[in-house]
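Colleague: For the protein sequence lines, the chains are L and Y, in the order given.
When the letters of the first sequence are read in order and numbered with our numbering, they come out as residues 1 to 372.
When the letters of the second sequence are read in order and numbered with our numbering, they come out as residues 1 to 219.
Treat each hint with caution, since some may be false.
Heads up, simulated DMTMM-like pairs for lysine to aspartate or glutamate below, C-alpha to C-alpha not over 25 Å straight-line [as the list claims (entries may be wrong)]:
(1) K331(L) with D101(Y)
(2) K194(Y) with D147(Y)
(3) K196(L) with D228(L)
(4) K239(L) with D116(Y)
(5) K253(L) with D101(Y)
(6) K331(L) with E184(Y)
(7) K266(L) with E299(L)
Simulated from the structure, these hints should not be mistaken for lab results.
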Amino acid sequence: MTKDKIMQDEGKIRQGTLGEALNRQGVSRRSFMKYFASTASMLALPPAMLPVIARALEQARRPSVIWLSFQECTGCTESFTRAHTSTLENLIFDAISLDYHHTLQAAAGHAAEAARVAAMEENYGEYLLVVDGSIPAGNPGYSTIAGISNLDMLKEAAKGAAAIIAVGTCSTYGGIPQADPNPTGAVSVGEIIKDKPIVNVPGCPPIPVVMTGVLAHFLTFGTLPELDHLGRPKTFYGKSIHDRCYRRPFYDKGLFAETFDDEGAKKGWCLFKLGCKGPTTYNACATVKWNDGTSFPIEAGHPCIGCSEPDFWDGGGFYRALSMPTENITKTAVYTAAGAAAAGVALGAMNRAKKSASNKIHIKVTIDDLEK
Amino acid sequence: MTEIELLNWARGPGLQIATIIFVAGVVIRIIEILMLGRKPNLAEAKGSEMSAGLKTMVSRTVPDRATFKRSSFTITAGYFFHLGLFITFFMFAPHILLIRDVIGFGWPALPTPVVDAFAVITIISLLAVLVNRLTNKVMRYLTNFGDLLTWFLTLAPLVTGYIAFHRIGFTAPTLLAMHILSVELLLIVFPFTKLMHAFTLFLARWYNGAISGYRGVAS
Numbered sequence: 001m002t003k004d005k006i007m008q009d010e011g012k013i014r015q016g017t018l019g020e021a022l023n024r025q026g027v028s029r030r031s032f033m034k035y036f037a038s039t040a041s042m043l044a045l046p047p048a049m050l051p052v053i054a055r056a057l058e059q060a061r062r063p064s065v066i067w068l069s070f071q072e073c074t075g076c077t078e079s080f081t082r083a084h085t086s087t088l089e090n091l092i093f094d095a096i097s098l099d100y101h102h103t104l105q106a107a108a109g110h111a112a113e114a115a116r117v118a119a120m121e122e123n124y125g126e127y128l129l130v131v132d133g134s135i136p137a138g139n140p141g142y143s144t145i146a147g148i149s150n151l152d153m154l155k156e157a158a159k160g161a162a163a164i165i166a167v168g169t170c171s172t173y174g175g176i177p178q179a180d181p182n183p184t185g186a187v188s189v190g191e192i193i194k195d196k197p198i199v200n201v202p203g204c205p206p207i208p209v210v211m212t213g214v215l216a217h218f219l220t221f222g223t224l225p226e227l228d229h230l231g232r233p234k235t236f237y238g239k240s241i242h243d244r245c246y247r248r249p250f251y252d253k254g255l256f257a258e259t260f261d262d263e264g265a266k267k268g269w270c271l272f273k274l275g276c277k278g279p280t281t282y283n284a285c286a287t288v289k290w291n292d293g294t295s296f297p298i299e300a301g302h303p304c305i306g307c308s309e310p311d312f313w314d315g316g317g318f319y320r321a322l323s324m325p326t327e328n329i330t331k332t333a334v335y336t337a338a339g340a341a342a343a344g345v346a347l348g349a350m351n352r353a354k355k356s357a358s359n360k361i362h363i364k365v366t367i368d369d370l371e372k
Numbered sequence: 001m002t003e004i005e006l007l008n009w010a011r012g013p014g015l016q017i018a019t020i021i022f023v024a025g026v027v028i029r030i031i032e033i034l035m036l037g038r039k040p041n042l043a044e045a046k047g048s049e050m051s052a053g054l055k056t057m058v059s060r061t062v063p064d065r066a067t068f069k070r071s072s073f074t075i076t077a078g079y080f081f082h083l084g085l086f087i088t089f090f091m092f093a094p095h096i097l098l099i100r101d102v103i104g105f106g107w108p109a110l111p112t113p114v115v116d117a118f119a120v121i122t123i124i125s126l127l128a129v130l131v132n133r134l135t136n137k138v139m140r141y142l143t144n145f146g147d148l149l150t151w152f153l154t155l156a157p158l159v160t161g162y163i164a165f166h167r168i169g170f171t172a173p174t175l176l177a178m179h180i181l182s183v184e185l186l187l188i189v190f191p192f193t194k195l196m197h198a199f200t201l202f203l204a205r206w207y208n209g210a211i212s213g214y215r216g217v218a219s
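Okay, chain L solo, but in the shape it has when bound (with noise of 0.2 Å):
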């Protein structure tokens, strides 16, 4: 097929609005009902704006989405495909107008950046971009796509874009490529691009539910959800797992599993003294939870690593608590000790020497110099 061809092709599909697109799925109304209902109550949306959201995407003409894969290992996406207020394949992908995605596009090569630079152009101004992956900032040459750089292409797409979604911790954080040593000078989105509104949707991976939540709230609104002081939705990110954690009643009574395997994991105890991150990381594990809200890695006996945070993996280790140094404080320690203590000898022989001269020099007063 020509260019052309595709492009007209998709052109048509685009055309249609979402409620067009669903009925001719075969979507029942009380489907696309179902969906919404879910969908508004994991936004923490009241009942009544039901028929609003209902109303605002059965006419919603399927916006472009364009998502830029750099440095990353596709956990994002695999995380994505997994969302379950509704599969991928039957509402999301008529909800949107997915223009371009390594993993889940049908073309390749340069039929697929053709597909991208015309769903950039024929949207200017309005598309949707995601991004997963950090930038190699130290050598663009270290990450490229169809020969052009990392940083090329997301600087050229963010210039027609409505907003930037930042999903997973490399993109919104930097990530592990950004993990010290930093071999490739790897950044986040935010560094780069400073004249867009960027959500960042943190998480190694992020929450499924929680992606096409923030999705779902742009083609609802048209706006971007409340953010905190890092860009995160405070929908998902407002509260810590400490502080939505079942095992929190054990953390405030002080009882804490020792070892994986002891008494007090057997008997689900707080896991802070096994590395557990909770306390100082973001995110909707502990409420929303994982595959279905089946479960989350404290559930499991696992502690939080933090992986929504920035700087997760410099944090000393996943299983070093909270409360330890990150670096041996006892070698800082006894260096010192033994280095003061040489050093503690020499000023008291100074000290001493100090002394014993001011004696010598000391003019005795007797009787007869006062009698004088």
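With chain L held as given, fit chain Y onto it using these hints.
Modeller: Just chain Y now, with coordinates in the frame of chain L:
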């Protein structure tokens, strides 16, 4: 710098710097004191220096009646404060983890709600001590900048620790970083202030006992 980066710095390089200054300062000062030595006492020894010294190191824990009558408020509030500080720092599970990491061994912790209660008692006693210092004429006359600084440096870790545990105000990584940084500030200033009494008090008590024991009198 993000709050997590600040926290990682406080737990890493920050703590290294504070440890170096604290250990070096304390060791150098103690050695200097010991090396200056004492004037030789040419009188005949009437009793044992060492046993009296060691005994006094422990017996001074209980104040004598006259002293207590004179400064009952300071002594009582001081005891509440010191006991509370000991429990809050040495008997809280996350702190014991830190200590075990540094010195190689730990001990069982007290239940967290108990430590929490003691933290409140400690903070209140510190505030009471300050009020006394500023309202008592003699105390106010004797007070200088160093006294107020050490008071503040001692209060800061208690208050920041309490609010970090109860998660009041800022986001969690910031609260924890503030707590750890306040401790590091305390460690850095420690050897240069009268907080050295934590170590020198044992030398002082021994010495007081020793000179009395040498003369064969009670101390």
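Colleague: Would you mind marking each hint as holding or not holding in the structure?
Modeller: Against the structure, the hints:
Under the criterion of a C-alpha separation no larger than 25 Å, the hint pairing K331(L) with D101(Y) is consistent with the structure, at around 11 Å. For the hint linking K194(Y) to D147(Y), the alpha-carbon distance of about 8 Å falls within 25 Å, and the restraint holds. Note on K196(L) and D228(L): the hinted pairing holds, with a Cα-Cα distance of about 16 Å set against a maximum of 25 Å. Restraint check: the Cα-Cα separation between K239(L) and D116(Y) comes to about 23 Å, which is no more than 25 Å; the hinted pair holds.
A C-alpha spacing of about 22 Å is found between K253(L) and D101(Y), which places the hinted pair at or below 25 Å, so the restraint holds. With a C-alpha separation of about 18 Å, the suggested pairing of K331(L) with E184(Y) holds against the 25 Å cut-off. Annotation: proposed proximity of K266(L) to E299(L) holds, straight-line Cα distance about 11 Å (limit 25 Å).
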